[in-house]
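Based on the provided sequences and hints, a complete structural model is requested.
Number of protein chains: 2
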Amino acid sequence: MTPSSLHQLIEALRVLPGVGPKSATRMAYHLLQRDPGGAINLAHAIEYALANLKHCRRCNTFAETELCDICADPQRDAGKLCVVEMPTDLMMVEQTLAFHGLYFVLMGRLSPLDGVGAKDIALSQLLSRVADGEVAEVVLATNFTAEGEATAHYLAQMLQARGLAVSRIARGLPVGGELEHADPGTLAQALVERRPL
Amino acid sequence: MTPSSLHQLIEALRVLPGVGPKSATRMAYHLLQRDPGGAINLAHAIEYALANLKHCRRCNTFAETELCDICADPQRDAGKLCVVEMPTDLMMVEQTLAFHGLYFVLMGRLSPLDGVGAKDIALSQLLSRVADGEVAEVVLATNFTAEGEATAHYLAQMLQARGLAVSRIARGLPVGGELEHADPGTLAQALVERRPL
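Protein chains in written order, with UniProt numbering: chain V, 1 to 197; chain W, 1 to 197.
Rather than coming from a laboratory, the hints here were simulated on the basis of the structure.
Heads up, none of these hints are tricks.
Heads up, the list lumps identical chains together, so a pair's fine if it works in one copy or across two of them.
Derived pair list, reagent style SDA-like, types lysine to any residue, alpha-carbon separation capped at 25 angstroms: (1) 80 - 135; (2) 22 - 36; (3) 54 - 40; (4) 80 - 137; (5) 54 - 44; (6) 22 - 11.
The following block contains the structure:
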């Protein structure tokens, strides 16, 4: 009973992560009924982004040019390479103003349960990137989730075998954090990873 | 630092209901990185639906033809008109196989807090629809939410003033429901709306 173009739109919306049949239906009605201008804008933005975005040749993040702005910046310290999972993570690190090296974006994490293996993230590209003779230290800044930790462990082994210094961002209590409100796992890690003063 | 076409895609995704900046970013990365085929399919489905879907001239639901399949069916009882908020509600009523009349889809509900007034839903179209000389009873099947109830109340007054019989679908315990597990409001309504046997 649903017209086929409406049915196709609902099915097409289900490619979005976290969108099931009910949300897709609600989204389709909203686009058609309340915001056809926003809908056509969305269609064009998808097509434009697919046509114009590529991966930075050096760091693998999304860029419209061969080299992204950071990789093209001669002021950055080419001896340090920070490895993150996604471009959002890169932006979070940049916002700290605490890192002046270059980045490498894996565009994912190892996640065997989701069918994401070593071939699905940019590992081989990372290995050729670190072989440029300039990178001396790799800072692993993948998430502290099970998948992010596994990815960091795997990368550390591969990179150390190539004679690179590898570090991992610290785990511990947040700035301004109180022991009373920390979860036991984080507090345990903060004890284990205590640093001499 | 975000390339402009990526930024535009993230902004464009925010027209979807329930999608904030974080989900939009996640959706954009997913489309670009994991499912470019699904993304282009989505863009085409939006464009195709916008170009091909219109409202059924009689009942206001989405249709690709002037008259939807139900309105075009001469077997339906043209004396009964069931008013619902959205096409999904129409489908739910159809699935019961308990109603053989025709429908009218408001494409919304009165919701002053969201800026949806009488002009934003198809009220004037409903009034000309019920003036066809065939409709004798209007069954109000808007939701039992605050907005749906207000809409039903408003419609009932307008339709009764035009001499039409107006009814509202029943509230009460669900089929198979136990008093022990009913919420007090529903149970109270089931008592107030008890029917003689």
